[in-house]
Amino acid sequence: MAENVRDDEDKMTLLYRLLELFVQLGHEGRKAGEKSAKVMKVSTGAGNLGVLIPKIASLLRRSTTIHSPPVRLRNLFRDFWFYCTVLGFNVARIGLWPEEWYEAACEIACKSPVLTPQESLRAELIANTTIKSDDISLAELQEIRATVLSEIQSSPDIAAVVNKLEFAHCIYLLSVFRVELMRALHSSEPGAVHSIFQYLEDK
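Position 111, counted from 1, in the sequence shown is what UniProt numbering calls 111; the numbers after and before it change by one each time, with no gaps.
Think of the hints as simulated: they come from the structure by calculation, not from any bench.
Errors might be hidden in some of the hints.
With a Cα cut of at most 27 Å, we get these calculated BS3-like pairs of lysine-lysine [stated by the list, open to error]:
1. Lys11 x Lys55
2. Lys132 x Lys31
3. Lys11 x Lys31
Label pairs and their computed distance ranges (CB to CB) [said to hold, decoys possible]:
4. Pro190 x Thr116: 19 to 25 Å
5. Ser68 x Ile136: 29 to 35 Å
6. His194 x Gly95: 31 to 37 Å
7. Glu100 x Leu200: 32 to 38 Å
8. Gly47 x Leu185: 22 to 28 Å
9. Ile136 x Asp10: 35 to 41 Å
10. Asp10 x Asn163: 15 to 21 Å
11. Arg61 x Leu181: 15 to 21 Å
12. Ser188 x Ala123: 21 to 27 Å
13. Gly95 x Leu181: 18 to 24 Å
14. Lys11 x Asn48: 20 to 26 Å
15. Ala159 x Arg122: 28 to 34 Å
16. Ser137 x Asp8: 43 to 49 Å
17. Ser154 x Leu185: 17 to 23 Å
Glycine included, C-beta positions come from ideal geometry on N, C-alpha and C.
Given the sequences, and given the hints that come with them, work out the whole structure.
This is the structure:
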């Protein structure tokens, strides 16, 4: 269906619906995982999220990069990428999911708005139910910190900072790093690599 939508307004309406469905399924899968004490990564619910990624990519493939999105759309993209990071959809050759899902995520990254906060990053992360850390064990927290350090190839000074970060901040850092890396590697737009500088602006 996404490939057949031509009107710009219809494409935007469908984009909202697909992202909302993705995030809703993510929330439901997380709740189910908490109740059953099973890892969400390998749940059927996570697979249901994954099949939506190529559909979203197909829709964005024929659209321009999204700049200055409405708050609602910005939040949907933010939660989309948080779930992609938590579940590993934005990692190449992970072996857990079809590689086409990662390739589709790369296409989405090229058109995605930057993940800068509207106001306070700390406040947004605390309020965000997608990455709440109530059920995160110390071992899982250490693992996600190690993942951050491995991917950004940090110096000892940065490692000292990362090793004090909470789970939500680690997921945010990984999401930004992976989105902007995919954008830089796969976007055909000349200014794509400059998106990273928007995170450094003093707002």
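Hint check results:
1. Lys11 x Lys55: Given pair Lys11, Lys55 holds - Cα atoms ~12 Å apart, limit 27 Å.
2. Lys132 x Lys31: holds (12 Å)
3. Lys11 x Lys31: Between Lys11 and Lys31 the Cα gap is close to 30 Å, so the pair fails against 27 Å, i.e. violated.
4. Pro190 x Thr116: 19 to 25 Å: Holds: the Cβ-Cβ distance is about 21 Å, inside 19 to 25 Å.
5. Ser68 x Ile136: 29 to 35 Å: holds (33 Å)
6. His194 x Gly95: 31 to 37 Å: Once the Cβ atoms are compared, 33 Å apart, the range 31 to 37 Å for Gly95 and His194 holds.
7. Glu100 x Leu200: 32 to 38 Å: holds (33 Å)
8. Gly47 x Leu185: 22 to 28 Å: holds (26 Å)
9. Ile136 x Asp10: 35 to 41 Å: Holds: the Cβ-Cβ distance is about 40 Å, inside 35 to 41 Å.
10. Asp10 x Asn163: 15 to 21 Å: violated (47 Å)
11. Arg61 x Leu181: 15 to 21 Å: holds (20 Å)
12. Ser188 x Ala123: 21 to 27 Å: violated (36 Å)
13. Gly95 x Leu181: 18 to 24 Å: holds (20 Å)
14. Lys11 x Asn48: 20 to 26 Å: holds (23 Å)
15. Ala159 x Arg122: 28 to 34 Å: violated (21 Å)
16. Ser137 x Asp8: 43 to 49 Å: holds (46 Å)
17. Ser154 x Leu185: 17 to 23 Å: At 20 Å between Cβs, range holds.
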